[in-house]
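Novice: With the hints as a guide, bring both chains together as one complex.
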Amino acid sequence: MNNDMIINDEELLLYYYRELDAAEQARIGAALAEQPELARRLHALVARLDAAAAQPEVPVPDETQQRWRAALEQAASTSNITTMPVARRRPSSLRWQLAAAAAVVAALAYGILRVGTPGVTPNPPPLANTAESSAYENGLKFHLASTERRLANLGDATPEERARLVDAIIGQNRIYALAAERAGEPQLARVLRAFTPVLEDLANGDSRSTAASIDQLNFELRVMQARLGAGKTPPNTL
Amino acid sequence: MLTLLRSWTQPDAFHTVLNERSPRWYNACLRITRDAELAADAVQEALLKAWDRRHDFRGEAALASWIHRIALNSAIDLTRRRKRRAEEELEDDAFEAGPSASAETEYVQENLGKDISTAMQRLTTKERQIFVLKHVEGWRLEEIAESMQMPIGSVKNGLFRAVRKLRVDLQVWRGPS
Numbered sequence: 001m002n003n004d005m006i007i008n009d010e011e012l013l014l015y016y017y018r019e020l021d022a023a024e025q026a027r028i029g030a031a032l033a034e035q036p037e038l039a040r041r042l043h044a045l046v047a048r049l050d051a052a053a054a055q056p057e058v059p060v061p062d063e064t065q066q067r068w069r070a071a072l073e074q075a076a077s078t079s080n081i082t083t084m085p086v087a088r089r090r091p092s093s094l095r096w097q098l099a100a101a102a103a104v105v106a107a108l109a110y111g112i113l114r115v116g117t118p119g120v121t122p123n124p125p126p127l128a129n130t131a132e133s134s135a136y137e138n139g140l141k142f143h144l145a146s147t148e149r150r151l152a153n154l155g156d157a158t159p160e161e162r163a164r165l166v167d168a169i170i171g172q173n174r175i176y177a178l179a180a181e182r183a184g185e186p187q188l189a190r191v192l193r194a195f196t197p198v199l200e201d202l203a204n205g206d207s208r209s210t211a212a213s214i215d216q217l218n219f220e221l222r223v224m225q226a227r228l229g230a231g232k233t234p235p236n237t238l
Numbered sequence: 001m002l003t004l005l006r007s008w009t010q011p012d013a014f015h016t017v018l019n020e021r022s023p024r025w026y027n028a029c030l031r032i033t034r035d036a037e038l039a040a041d042a043v044q045e046a047l048l049k050a051w052d053r054r055h056d057f058r059g060e061a062a063l064a065s066w067i068h069r070i071a072l073n074s075a076i077d078l079t080r081r082r083k084r085r086a087e088e089e090l091e092d093d094a095f096e097a098g099p100s101a102s103a104e105t106e107y108v109q110e111n112l113g114k115d116i117s118t119a120m121q122r123l124t125t126k127e128r129q130i131f132v133l134k135h136v137e138g139w140r141l142e143e144i145a146e147s148m149q150m151p152i153g154s155v156k157n158g159l160f161r162a163v164r165k166l167r168v169d170l171q172v173w174r175g176p177s
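First to last, the sequence lines map onto chains A and B. If you read the first sequence in the working numbering, its first letter stands for residue 1, the second for the next number, and so on. If you read the second sequence in the working numbering, its first letter stands for residue 1, the second for the next number, and so on.
Chain B extracted, bound-state conformation (with noise of 0.2 Å):
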């Protein structure tokens, strides 16, 4: 913590802000990403800016909150380029099982655990991404919106769908209202 005091905007002080919260950061990302280079590539991307602006900031709490949630935003917008791509290629009907899918595959199951990801390997991308950022991130649904270039009541509905995927055992949530 003390050394956390120290100005970030020198090099050393910055990379023990890396040190102390990159864990954070990158564990936030994996959630959006399922990927782990998608989420290193998003942390760093998130880094580099905050370099870039290091003088704007007013206290380390600032600095990580900041980094925190442009990377998140680098995830997200990650994740839909590399579906984009993944998407034309399929269309231009070239489109094979790349290196990637197959190291998300290997990754999650063997980091983040079978058991627990199941409920959550039942949705799909968008609403994984739109629960993490509201259950776990505690975004606002404007934020979401925003981020995942959605209209608000699209976020809504995507949330309340994830809920239901992730309540099929939970016998007091009583079926769609």
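This is chain A alone, in the form it adopts within the complex (with noise of 0.2 Å):
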């Protein structure tokens, strides 16, 4: 394997879209934890990336939702529905478990739109320049978001489908991660980093940890936003 051959920018974004062959997506892998220049070059891309799709969410207009319903009723009007046969339910300790993950992932944005809050933030992030942190947050932000939609539809997907949607989620965290600890924000990183097992544990289907690892990440969250609040860096629990 040869990592000192150049990288392009097409082939570094398929690496992070998780779209090149097994032993490409190996070859940069190895490329990124090697050349931190490469590993700022991903980042920064992913960053603006994110901002650029970063879109305030509209509220449905009232006239739309009404328009729905009138839709929904005038089929349900012609279908029999008082012998539908209702679904069964699939064991729901997975979908348990990814609800709480997905509960975790929003409770660590709020904490994230806690800490981008003027007088919450205990010290501006030593950020290069007021674009590039602009970018970082809005990213982080996207990122978070994103996640905790991708956890929310995880339960119904192949073991194939979800061992790749939470590979590319750890690939996003580790990303962010090292955009946080460039960031000043060594806490953040972590609590990113300790996400990544109970990742992997719902990736694998192996349900034995997964519930005390997220209560331990909900712990971590609620003492990372209380000394954020106060002013002070969380200490390392975990």
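The reader is advised that the hints may include incorrect statements.
Said to hold, decoys possible - Okay, derived cross-link-like pairs now, SDA-like style, lysine to any residue, Cα gap no bigger than 20 Å in a straight line:
id : chain 1 : residue 1 : chain 2 : residue 2
1  : B       : Lys49     : A       : Leu72
2  : B       : Lys126    : B       : Ala145
3  : B       : Lys156    : A       : Arg18
4  : B       : Lys49     : A       : Gln65
5  : B       : Lys49     : B       : Glu88
6  : B       : Lys156    : A       : Gln65
7  : B       : Lys156    : A       : Leu72
What the hints assert, rightly or not - If the Cβ cut is set under 8 Å, some of the chain A residues that face chain B in the computed set are:
id : residue
8  : Glu10
9  : Glu19
10 : Ala52
11 : Leu72
Keep in mind that the hints were calculated from the coordinates and are not lab data. All figures in this text were calculated on a predicted structure; none of them were measured in a lab. Even glycine gets a Cβ: it sits at the ideal position worked out from N, Cα and C.
Specialist: This is the structure:
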């Protein structure tokens, strides 16, 4: 494996999207681990794309909601709803774990939003410039929201799809953990990394340690938010 | 959440899923269409298809994910159909900017925010759709190619073009490779 070969931006992007074959994926992964500049390049690119993709959610207009309801009611009126079989429910343990994991991410997102709120952040992030800092924050918020969305949909994915999606989330977490360290937020980097084994358990369908890990992460997040609110650096309790 | 644990095959429960999830579907479609009316149509189309097939779903998440995906496919299809219609009208030398075009612009400017959408507005419709499906929705390139009825190589090139446009002010992104 020759990691000294120049990795162009298109390859880097396909690596991020997990669209390369296994050998190429491994080659670029190794290069990223060895070359901080390459990892920075990837992080900056992803942060910029996340910021570009970030878009405020707009509410559904009332008249649109009413139109959908009317269409559904019309459809329902033509079918015999009293004879509908109740769908068989799948074992719920994984669903609840996923919901809990999504809640952790949501809580993390909330924590990040608070970190980004003037008067709450104990120190300004020492990023090189404001534009990059803004891209980082926007990208991180987007990543967390996106992760929450993906986790919520994992329950009905096939094992292969679940493994692929979780792998993608872990990869993105790794990038943002690096960025968080660079931004002078080691506690955030730690929490992002701590999320990885929980995700791996979910990908592997191993539920034994997941609930405890999620509880621990929840606790960590509360500590982090409380300490940040008080202007102190959270301790490492994991 | 508890309400979602009821059977969605009951109309009330189906409406509950609709209430809780529809903003996400609607906003996802808005990213694809940049048109409020088309986005609403896409979601409605997906909802009606889901209602017809409600017994096939094993869980609320499956139903919601399915509607999300079908709505995005509908959004792509509706955008394509509108573009085709506009081109036909142009060929007939009878085209004039219709109310939908101005409504789209107005909606985007009012609701999506000029600053945030500036970068995305530099993209063509196809580039934007490919980028959203890949970067935001996490679709595989093969899935995008199938939905957009394009060769996978064209999807890949569209994605690269979109990224190049979006990184204009990003110094660390090194030129085309």
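Novice: None of the hints should be skipped; say for each whether it holds.
Specialist: How the hints compare with the structure:
1. Lys49(B) <-> Leu72(A): The hint holds at about 10 Å.
2. Lys126(B) <-> Ala145(B): It holds: about 11 Å lies between the C-alpha atoms, which stays within 20 Å.
3. Lys156(B) <-> Arg18(A): 13 Å, holds
4. Lys49(B) <-> Gln65(A): 17 Å, holds
5. Lys49(B) <-> Glu88(B): 29 Å, violated
6. Lys156(B) <-> Gln65(A): 36 Å, violated
7. Lys156(B) <-> Leu72(A): 38 Å, violated
8. Glu10: 5 Å, holds
9. Glu19: 6 Å, holds
10. Ala52: 4 Å, holds
11. Leu72: 6 Å, holds
Taken one by one, the earlier hints fail for this structure at numbers 5, 6, 7, listed in ascending order.
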